[in-house]
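Place chain V on chain U using the hints.
Protein chains: 2
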Amino acid sequence: MLAARTRLAQSLGAALPRTTTLARLGRVHLPALSTSSFLARRGFATTGAEEKTVPYTADKLTYLKRDPAFNQITEEHVAHLRTLLSPGSLLVGQSDNDNDLLPYNTDWMNKYRGKSQIVVRPRTTEEVSKVLAYCNEQRLAVVPQGGNTGLVGGSVPVFDEIVLSTNLLNKVRKFDPISGTLVCDAGCILESLENYLGDRGHIMPLDLGAKGSCHIGGNVATNAGGLRLLRYGSLHGTVLGLEVVLPDGTVLENLSTLRKDNTGYDLKQLFIGSEGTLGIITGVSILTPKKPNAVNVALVGLKSFEHVQQAFLGARENLSEILSAFECWDKSAAHLVQAHSVQGNRNPLAEEHPFYVLLETSGSNKEHDDEKLGAYLEKLMENEIIDDGVIAQDATQILNLWSLRESIPEACSKSGAVYKYDISMPLPVFYQMVEDVRARLTAAGVYGPEKMVTDVIGYGHVGDGNLHLNITAKKYDGEITKLIEPYVYEWAAKYSGSISAEHGLGLMKAPYVGYSKSGPMIDMMKRIKKVFDPHGIMNPYKFLPQ
Amino acid sequence: MLAARTRLAQSLGAALPRTTTLARLGRVHLPALSTSSFLARRGFATTGAEEKTVPYTADKLTYLKRDPAFNQITEEHVAHLRTLLSPGSLLVGQSDNDNDLLPYNTDWMNKYRGKSQIVVRPRTTEEVSKVLAYCNEQRLAVVPQGGNTGLVGGSVPVFDEIVLSTNLLNKVRKFDPISGTLVCDAGCILESLENYLGDRGHIMPLDLGAKGSCHIGGNVATNAGGLRLLRYGSLHGTVLGLEVVLPDGTVLENLSTLRKDNTGYDLKQLFIGSEGTLGIITGVSILTPKKPNAVNVALVGLKSFEHVQQAFLGARENLSEILSAFECWDKSAAHLVQAHSVQGNRNPLAEEHPFYVLLETSGSNKEHDDEKLGAYLEKLMENEIIDDGVIAQDATQILNLWSLRESIPEACSKSGAVYKYDISMPLPVFYQMVEDVRARLTAAGVYGPEKMVTDVIGYGHVGDGNLHLNITAKKYDGEITKLIEPYVYEWAAKYSGSISAEHGLGLMKAPYVGYSKSGPMIDMMKRIKKVFDPHGIMNPYKFLPQ
Chain U
1 MLAARTRLAQ
11 SLGAALPRTT
21 TLARLGRVHL
31 PALSTSSFLA
41 RRGFATTGAE
51 EKTVPYTADK
61 LTYLKRDPAF
71 NQITEEHVAH
81 LRTLLSPGSL
91 LVGQSDNDND
101 LLPYNTDWMN
111 KYRGKSQIVV
121 RPRTTEEVSK
131 VLAYCNEQRL
141 AVVPQGGNTG
151 LVGGSVPVFD
161 EIVLSTNLLN
171 KVRKFDPISG
181 TLVCDAGCIL
191 ESLENYLGDR
201 GHIMPLDLGA
211 KGSCHIGGNV
221 ATNAGGLRLL
231 RYGSLHGTVL
241 GLEVVLPDGT
251 VLENLSTLRK
261 DNTGYDLKQL
271 FIGSEGTLGI
281 ITGVSILTPK
291 KPNAVNVALV
301 GLKSFEHVQQ
311 AFLGARENLS
321 EILSAFECWD
331 KSAAHLVQAH
341 SVQGNRNPLA
351 EEHPFYVLLE
361 TSGSNKEHDD
371 EKLGAYLEKL
381 MENEIIDDGV
391 IAQDATQILN
401 LWSLRESIPE
411 ACSKSGAVYK
421 YDISMPLPVF
431 YQMVEDVRAR
441 LTAAGVYGPE
451 KMVTDVIGYG
461 HVGDGNLHLN
471 ITAKKYDGEI
481 TKLIEPYVYE
491 WAAKYSGSIS
501 AEHGLGLMKA
511 PYVGYSKSGP
521 MIDMMKRIKK
531 VFDPHGIMNP
541 YKFLPQ
Chain V
1 MLAARTRLAQ
11 SLGAALPRTT
21 TLARLGRVHL
31 PALSTSSFLA
41 RRGFATTGAE
51 EKTVPYTADK
61 LTYLKRDPAF
71 NQITEEHVAH
81 LRTLLSPGSL
91 LVGQSDNDND
101 LLPYNTDWMN
111 KYRGKSQIVV
121 RPRTTEEVSK
131 VLAYCNEQRL
141 AVVPQGGNTG
151 LVGGSVPVFD
161 EIVLSTNLLN
171 KVRKFDPISG
181 TLVCDAGCIL
191 ESLENYLGDR
201 GHIMPLDLGA
211 KGSCHIGGNV
221 ATNAGGLRLL
231 RYGSLHGTVL
241 GLEVVLPDGT
251 VLENLSTLRK
261 DNTGYDLKQL
271 FIGSEGTLGI
281 ITGVSILTPK
291 KPNAVNVALV
301 GLKSFEHVQQ
311 AFLGARENLS
321 EILSAFECWD
331 KSAAHLVQAH
341 SVQGNRNPLA
351 EEHPFYVLLE
361 TSGSNKEHDD
371 EKLGAYLEKL
381 MENEIIDDGV
391 IAQDATQILN
401 LWSLRESIPE
411 ACSKSGAVYK
421 YDISMPLPVF
431 YQMVEDVRAR
441 LTAAGVYGPE
451 KMVTDVIGYG
461 HVGDGNLHLN
471 ITAKKYDGEI
481 TKLIEPYVYE
491 WAAKYSGSIS
501 AEHGLGLMKA
511 PYVGYSKSGP
521 MIDMMKRIKK
531 VFDPHGIMNP
541 YKFLPQ
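So the sequence lines, in the order shown, correspond to chains U and V. In this text, residue positions in the first sequence follow full-length UniProt numbering: the first is 1, and each later residue adds one. In this text, residue positions in the second sequence follow full-length UniProt numbering: the first is 1, and each later residue adds one.
Here chain U stands alone, though its shape is the one from the complex (with noise of 0.2 angstroms):
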C-alpha cells in the first residue's frame, strides 16, 4: 500500500507541477469560438485554398441521384424568400464553388460537398415557419445545419438543397436557477452556455469536443452524447421541451420546463436524434445540474485492455455517484496527439502505456471526494491494475490532462483523410474492434508504414460502451472504404452493437441501418417520416435507406 502510494506520488512529482490549492472549479473553457474562427481554422474563411480538395459528393456516391421530385430554385423562389426574411438573412452564391457559401456546402471533416447556392438564416421561429411553409409548398428540399460540427455527412446538402442555418437563432430565452431548467434558441453555442450557466452555478448535461462551434439544436436533432453522458444521461432524459417547426410552417410549441408531464405522445423523444428529417428545431428547453462544488481528473496508464475494464468496474463501485467520466485511449491515439503537438499536449506520464484513462469526479464535497479517488487509485496501484498515474492539482492541470483526450480528433485530422467509426457495444469486445480492423487492414497490405492507411486508432466513453475507431489514411480512397464497410458493421451487428452510437446517420451511415434495425422498425420509421413531411423536403437523401 505505502509503495503504491509513493509510486502515485512520484509520478504526480514528476509530471505535473504540484500547487498547493486544488483545483474547486468545474473545467475552465476556452472562450466561444465564433463560427467564423472556427471556419478558419479548418482553413476556409481566409484564402478558400482548400476548396478544390473536396470533391462533390455526388460525384463521388455516384448512387446518389437528385430526386426530380424537387424544384430548381429560380429567382422568383429567391425574391419570395428574401421577403419572408429580415436584411442580410439571405445568401446567395453565384457559382458552385463560391467563397460565400463553401463552409455551408463543406462539412467538417472535408469528405462531403454539395452545391448549395442558398443558405437562409432566419432570426425567428416565426421566420423559420415562414421559410418552411414555403419550401413545402415550392416542393424546394431544405437541409438544416447547425454549428456544421457532424461527423457523417448530415448537415450538408448533396445537390442544390436550400441550407437553412440556426447561425442567428442564438438567444437565451430564460433561466430559472431553482429549477435549472434552462430554455434557448437552437442556434446557440454549446460553450456559450456553458458560460452562460457557470456564471450563475450550473452545467450543461452535455459536453462534447465540438462545443465551441456546435449548436444546442444540433446537438438534439443529432442526440449527441459526448463526455458527461456516464453521469446525466442521455438527452432523451435532460431535454424538457422543444418547439419545432414542421414543414408546412406549423409550430409546436411546447418549451415546457416541467420535469414531468404525462400528457399525451411525448412528440419531442423524436425529434431527438432525427437529424432534421422531421421538421427544425428552433427553441430547446433544458434541465442543467449544479456546477459540482469539487471537480478532479486523473490520468492513468495501463497494460491493456482488460486492466482498463477491471479500472473501469471499480470506478463504478468506489466512485459511484462522483464518478463523472471515464475515458479511454490507445497509445496510437497518444503518438498522434505527441507527434502533431496539439495545442503542446505532452505526455505527463514517465513513460509510454498502451492504453490511457482519464477519468473525472465531480461532487459536493471536495475533501470526501478526494479520499474517494485516493482510496480507489491506491487499490489500482496496489493490485497491479494500473502502473502509472497523476492527479491534477488546479484548474490549469484539469484542463491539460482533458486536453489530451480532446486533441484526439484534431490530430487525427492532421494525419491527413480520416475514415470515422462510432460503434456501441458490450465492454468486453469494446477494444476486439480495433485489433480485428487493424489485423484485416494488415492482411490486406494496405496498413504500415509507408502504406496508404497511417494509422487505426481506438479511444472512446467507456462507461456507455462506445468506441471511436478511427483509421487515418493518405487519402480518401474507395479502395480502402471497401475494405472497411460494411465490414465494421457487420462486426457491429455481429456483438449485438450499434453502427452509428452518437454520431447519427446521415448520408454515410444512411445504408446500413438495417445493421442495427429490424426491417419493421425502418418501415414505421418511414411512416412516421411520411406524416410529418409528406413531401420529403426535409433532408433528403439521408438517414433512412431509400
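None of these hints come from the bench; they were simulated from the model. Hints may contain errors.
One copy or two, either will do: identical chains are not told apart, so a pair holds if it fits within one copy or between any two.
[Stated by the list, open to error] With a straight-line cut-off of 30 angstroms between C-alpha atoms, the simulated DSBU-like cross-links for lysine-lysine are:
#1 494 - 290
#2 303 - 60
#3 379 - 529
#4 494 - 174
#5 494 - 420
#6 171 - 494
#7 451 - 420
#8 290 - 303
#9 379 - 291
#10 366 - 379
#11 130 - 530
#12 291 - 366
#13 451 - 530
#14 331 - 494
#15 526 - 331
What follows is chain V alone, placed relative to chain U:
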C-alpha cells in the same frame, strides 16, 4: 450549532430507539404480493361482496358511447381465440358481474368498471401477436392490462373490450452485472424485479407505492415516475429497449442493451407513456443502477411550505449527488395516516408540524454520507428552517419512515371516495393549489366537519415539482366533481403546469389534454395513433379527446 445538534440528537433519542449499527442496506422490501393477494387486499377475491358498490363507467359517464365500428364478441371469436392461446390462458365471463372477471373490469380505486366478458392472458410474445392480429382483423377492441394499479381508469374496459393481461408474461430474460442491463417480460412485478436485482447488487431505477402489484410493462406504458426519479431520471432515459406488438401483430423487436444507439427515430420513446394505445409492450430492457452501499433516511418537521422549499434548495446544494428522495406531505396527510393506523404508523416526531419532509441519501461511502447529511440537517436546525427531525438508525427504521409516506394513498382510500389529482408545476406555487382548492370547497359549503368533502390533502415529490392533491369525500358525487374539475386543470394551465405529472391521462383526463398540450400537438398525436393503430382497437375511449 451545538444547541441545534443537541436538539436533533434528543429528537432522535426520543422518537426512534438508537441502535449501534447504522443500516448498510437499501430499503427493505416486503415479499412480492401475488395478484390474488393484492386483489384480496382490495376486498375482491374472497366474497365479491363489494361488487355492487362500483357502478358501471358507461352508466356514470353518459357522454361515452360504445363505438359501433367494433364488433360484438361472438362464440366463434371465443373459439378462435382459444386456438391461439395455451390452455388456461383465456377467461370467459358468464354475466356482467362474473366474479372471475371483476378484478379485471374494476380499477384499483373502485371508481371505474367495465363490462368485459373476455380476458386473454398470453404466455409468449408470439401469442400476443396472434391475438392482436386476430382482434385487429375482426375489429375487436382491446384493453392492455398490467398490474391494474392505474389511477386514471386507463387499464380497465369501458364497455366490452377484451382485456389482454400481461399476468403470465413474467420471466426475467437476462441480466448483465457488468453493464447493469436487465431484460425481462412486461408482466414482471416491479417488486419482484427489485428483489431479483437486490440479490445481484443492483436496484430498479424506479420505485413506487404500487410496486407489489404493478408490472414493469405498465410502468413503461404509463411512464411511471415515482420515488427515485429525482436521482435516476425518467424512463425515457433508463429504458434502453422495448419489444412491442403492434395491433396488426407485427413485433417491433428492439431489446437493445446498449446505452447509446443513434440509428433512426427512437421509436421506443413513443411507447413510453402511450398507455396501451399504440401496441402492447411485451419485453423491456432497462438500465439498473448499482445498489448503493449506504442509505440514510431522515424525517423532518417544518412550519410552512416556504421552509420546505428552502430545505430542498439546501439539499440540492449540500447533498447534491447523494440526494435520492425529497418527499413532502402536509399535516392533513399525516393525520389521516395516524387515524387509520395504516401498518401501525405513528408520528416519530415529538409534536405535530404543518409539513413533513422525508429525505433519503444513497451513496457509496457511509461515513461521507453521514457527514454530509449531519452537516446539512444541523445547518437547517441552526437556521430554523426545520423544527425537528429524526434520522433512521437501521433498516427497520428506514422502512418505518418510508412507510409514513407510502401509506398516504391507502389512508386516503380508507376515508371513503378519493378524488386524485397529480399536477406538476413550478416549485414556488407547489402547495398553493392545495390551499386554493380548500378555499374553493369551503366557499362552496361542501368542505368541513359533517360535510361531503372530508379532507383536502397535499403530498408529493418536491424534487420533481409533482404534487398529489387528494380530496376525500363520503362518496363520488357529480356535484363535487364539477367543483373540482376543470378548476384544477385550469389552475395547472394558468401556472404552466401539467394536468398529469405521472399518472397519465387514461379515461379520466382524456378530455382535458388541451389544458397541457396545444391543438397542433394533439392533432399530431392523433396522426401518430392512426399510423400504429389504424382501426383504433387499442384502448379506445381514452388518452386523447375523441
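Q: Check residue 451 against residue 420 for me: Cα-Cα at most 30 angstroms, and say if that holds within a copy, between copies, both or neither.
A: within (19 angstroms within a copy, 71 angstroms between copies)
Q) Within a copy, between copies, both or neither: where do residue 451 and residue 530 come within 30 angstroms Cα-Cα? A) neither (46 angstroms within a copy, 56 angstroms between copies)
Q: First find the shortest C-alpha distance between residue 171 and residue 494 inside one copy, then the shortest across copies, and answer within, between, both or neither for a cut-off of 30 angstroms.
A: Between copies, since 26 angstroms is at most 30 angstroms while 45 angstroms is not.
Q. When no copy is named, should residue 291 and residue 366 be tagged within, between, both, or neither for a Cα gap of at most 30 angstroms?
A. Intra 13 angstroms, inter 23 angstroms, cutoff 30 angstroms: intra and inter.
(Q) One pair to classify: residue 331 and residue 494, alpha carbons no more than 30 angstroms apart. Within, between, both, or neither? (A) Classified as within; 26 angstroms inside a copy, 58 angstroms across copies.
Q | Homomeric proximity label, residue 494 with residue 174: Cα distance no greater than 30 angstroms | A | between (46 angstroms within a copy, 18 angstroms between copies)
(Q) Regarding residue 130 and residue 530, is the shortest C-alpha distance of 30 angstroms or less found within a copy, between copies, in both, or in neither? (A) Answer is both: 21 angstroms inside a copy and 28 angstroms across each meet the 30 angstroms cutoff.
**Q.** Status of residue 291 relative to residue 379 across identical chains (alpha carbons, at most 30 angstroms)
**A.** Both. Shortest intra-copy (29 angstroms) and inter-copy (21 angstroms) distances satisfy the 30 angstroms Cα cut-off.
Q: Evaluate residue 494 and residue 420 at a C-alpha cut-off of 30 angstroms and name the case that applies: within, between, both or neither.
A: Close inside one copy (19 angstroms), not across copies (49 angstroms); limit 30 angstroms.
Q) Are the CA atoms of residue 366 and residue 379 at most 30 angstroms apart within a copy, between copies, both, or neither? A) Cα proximity of residue 366 and residue 379: in one copy and across copies (20 angstroms, 19 angstroms).
Q | Alpha-carbon proximity between residue 290 and residue 303, which holds within one copy, between copies, both or neither at 30 angstroms | A | between (36 angstroms within a copy, 27 angstroms between copies)
**Q.** Same-copy or cross-copy closeness of residue 303 to residue 60 [CA-CA at most 30 angstroms]
**A.** neither (42 angstroms within a copy, 71 angstroms between copies)
Hint compliance for this structure: hints 2, 3, 13, 15 are broken, all remaining hints hold.
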